[in-house]
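The listed protein sequences derive, respectively, from chains A and B.
For the first sequence, UniProt numbering begins at 1 and goes up steadily by one.
For the second sequence, UniProt numbering begins at 1 and goes up steadily by one.
Where hints are given, some of them may not hold.
Said to hold, decoys possible - Facing chain B, a subset of chain A residues (Cβ under 7 Å, in silico):
| hint | residue |
| --- | --- |
| 1 | Ser5 |
| 2 | Leu18 |
| 3 | Leu33 |
| 4 | Ala49 |
| 5 | Met51 |
| 6 | Ile64 |
Claimed, not checked - With a straight-line Cα cutoff of 20 Å, these simulated PhoX-like cross-link-like pairs (lysine-lysine) come out:
| hint | chain 1 | residue 1 | chain 2 | residue 2 |
| --- | --- | --- | --- | --- |
| 7 | B | Lys6 | A | Lys17 |
| 8 | B | Lys6 | A | Lys50 |
| 9 | B | Lys50 | B | Lys24 |
Claimed, not checked - Pairwise CB distance ranges (calculated):
| hint | chain 1 | residue 1 | chain 2 | residue 2 | range |
| --- | --- | --- | --- | --- | --- |
| 10 | A | Lys6 | B | Glu37 | 22 to 28 Å |
| 11 | A | Ile196 | B | Asp188 | 47 to 53 Å |
| 12 | B | His32 | A | His32 | 18 to 24 Å |
| 13 | A | Gly99 | B | Gly177 | 56 to 62 Å |
| 14 | B | His32 | A | Lys140 | 31 to 37 Å |
| 15 | A | His32 | B | Asn75 | 41 to 47 Å |
| 16 | A | Gly117 | B | Ala94 | 37 to 43 Å |
| 17 | B | Asp66 | A | Glu116 | 37 to 43 Å |
| 18 | B | Glu37 | A | Thr154 | 22 to 28 Å |
| 19 | B | Ala175 | A | Thr154 | 57 to 63 Å |
| 20 | A | Arg161 | B | His32 | 28 to 34 Å |
| 21 | A | Glu2 | B | Ala175 | 22 to 28 Å |
Because the hints were derived from the structure by calculation, they are not lab data.
Note that the structure is predicted; figures quoted are calculated from it, not measured.
The C-beta atom is built at its ideal place from N, Cα and C for all residues, glycine as well.
Below are the chains, spelled out letter by letter.
Protein chains: 2
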Amino acid sequence: MEFPSKLIENAVAELSKLPGIGRKTALRLALHLLKAETETTSSLAEALAKMRFDIRYCNTCFNISDTEQCSICANPLRDHSTVCVVSDIRDVIAIENTGQYQGVYHVLGGVISPIEGIGPSDLHIEPLMNRMQGEESEVKEVILAISPTMEGDTTAFYLTRRLREFPEVHISSIARGIPVGGELEYADEITLGRSIVERQRQAR
Amino acid sequence: MEFPSKLIENAVAELSKLPGIGRKTALRLALHLLKAETETTSSLAEALAKMRFDIRYCNTCFNISDTEQCSICANPLRDHSTVCVVSDIRDVIAIENTGQYQGVYHVLGGVISPIEGIGPSDLHIEPLMNRMQGEESEVKEVILAISPTMEGDTTAFYLTRRLREFPEVHISSIARGIPVGGELEYADEITLGRSIVERQRQAR
Chain A
1 MEFPSKLIEN
11 AVAELSKLPG
21 IGRKTALRLA
31 LHLLKAETET
41 TSSLAEALAK
51 MRFDIRYCNT
61 CFNISDTEQC
71 SICANPLRDH
81 STVCVVSDIR
91 DVIAIENTGQ
101 YQGVYHVLGG
111 VISPIEGIGP
121 SDLHIEPLMN
131 RMQGEESEVK
141 EVILAISPTM
151 EGDTTAFYLT
161 RRLREFPEVH
171 ISSIARGIPV
181 GGELEYADEI
191 TLGRSIVERQ
201 RQAR
Chain B
1 MEFPSKLIEN
11 AVAELSKLPG
21 IGRKTALRLA
31 LHLLKAETET
41 TSSLAEALAK
51 MRFDIRYCNT
61 CFNISDTEQC
71 SICANPLRDH
81 STVCVVSDIR
91 DVIAIENTGQ
101 YQGVYHVLGG
111 VISPIEGIGP
121 SDLHIEPLMN
131 RMQGEESEVK
141 EVILAISPTM
151 EGDTTAFYLT
161 RRLREFPEVH
171 ISSIARGIPV
181 GGELEYADEI
191 TLGRSIVERQ
201 RQAR
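Isolated chain A, as found in the complex (with noise of 0.2 Å):
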């Protein structure tokens, strides 16, 4: 696909490297700009840069924050003697708004792939052994809400020898099973298998 612009076919190639946007989509997403209003583009250019280059992490938990101590970890209403431990920001977004969790979280910042080269030491695992170490860590219970794939059950693993060190913290992981309004017959295999084994007694 030739351009008529060399601007045009920058725009193209810089929005045709984002997941999931091919050269036909960007150049959709470009002459789009270009029929909108100019602020339309100059506030989503700054709005790009400026996230980029202001955005902070918390000291405590990596989730991002545009302070210190992210709006989580500051929160006294939370309880934070229980320290759920995701992936990804996008995971802390998910529970966030389930509304259903109360604690804090600690971020990973990804998961143990030797095939992409991301070891132990490239997660914030050392800062976690940290929150949980010394006299004033309050730290009672670990959930581990990790993505049951082959690199996140590794990681979980991991996470659950070094936990060791901690006898007196418990930890637990999220419930694996039916999703809620899933149908059994096209669940896969080795959900059910579980969903049966770890069957929940109902009240009665």
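The hints should help you fit chain B onto chain A, whose structure is shown.
Using the frame of chain A, we list chain B on its own:
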């Protein structure tokens, strides 16, 4: 969906103004930018702003251009007696990609659409008339290459009437018919009907 950072919130809000990008996709894009080098974001933001503010339109055909005249209009090897009228820059790119057209273009900048409040005066129709008038005009054929939607057909009809002013100029429209590789049984009735009425005699 609540975000832990106003900066991310802004970026997501701006990104999701783009066509076909919802809040979830916008968040994915924003987090991708946060993980990538800062340079990725700055060159994206720069390319977009540069495109929007420095773009120019060809004085003759209203194609996008980095200069006063686009590379097609400025090319003496193109056939300047044949003008292909299209609604959009994307159409120019599509036709150029076929490598089958040697003439020049005229970009209307849209189609007549009473519902969206776009009348003939909002399109580059007068410049087309001016282009054809005068002693030095060399236009011998106008090809109407406008999508056969209701608005497109209205626009083509309007143009045909306006072009009666130039009885010596041929007016043609792109061929309609079954797409190459298309199956007869799946073609819509109007296309199939026209493709029979306007059948092409084969050389033998």
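Quiz item: Is 22 to 28 Å a correct range for the gap between the Cβ atoms of Glu37 (chain B) and Thr154 (chain A)?
Solution: Holds, since Glu37 (chain B) and Thr154 (chain A) (Cβ atoms, about 27 Å apart) stay within the stated range.
Exercise. Using 7 Å as the Cβ threshold, decide whether Leu33 (chain A) counts as touching chain B.
Key: 6 Å, holds
Quiz item: So the hint says 37 to 43 Å: do the beta-carbon atoms of Asp66 (chain B) and Glu116 (chain A) match that?
Solution: 40 Å, holds
Practice problem: Let me know if the C-beta of Met51 (chain A) comes in closer than 7 Å to any C-beta of chain B, holds or violated. | Solution: The hint holds - Met51 (chain A) has a Cβ within 7 Å of chain B, the shortest such distance being about 4 Å.
Quiz item: Is the hinted range of 28 to 34 Å satisfied by the C-beta distance from Arg161 (chain A) to His32 (chain B)?
Solution: 31 Å, holds
Practice problem: Can you let me know if the beta-carbon spacing of His32 (chain B) and Lys140 (chain A) is within 31 to 37 Å? | Solution: With a Cβ separation near 35 Å, His32 (chain B) and Lys140 (chain A) satisfy 31 to 37 Å, so the hint holds.
Quiz item: At the C-beta level, are Ile196 (chain A) and Asp188 (chain B) separated by a distance inside 47 to 53 Å?
Solution: Given a distance of about 51 Å, which is inside 47 to 53 Å, the answer is holds.
Quiz item: Would you say the C-beta atoms of Ala175 (chain B) and Thr154 (chain A) sit inside 57 to 63 Å of each other?
Solution: 59 Å, holds
Quiz item: Has the hinted range 22 to 28 Å been met by the Cβ atoms of Lys6 (chain A) and Glu37 (chain B)?
Solution: 23 Å, holds
Practice problem: With respect to the beta-carbon atoms only, verify the hint that Glu2 (chain A) and Ala175 (chain B) lie 22 to 28 Å apart. | Solution: At roughly 24 Å between Cβ atoms, Ala175 (chain B) and Glu2 (chain A) fall inside 22 to 28 Å, so the hint holds.
Exercise. Quickly compare the C-alpha distance for Lys6 (chain B) and Lys50 (chain A) to 20 Å and report which way the hint goes.
Key: Within the cut-off at roughly 11 Å; holds.
Quiz item: Within 56 to 62 Å or not, the Cβ separation of Gly99 (chain A) and Gly177 (chain B)?
Solution: For Gly99 (chain A) and Gly177 (chain B) the Cβ distance comes to about 57 Å; the hint holds.
The structure fails hints 7, 9, 15 (numbered hints given earlier, in ascending order).
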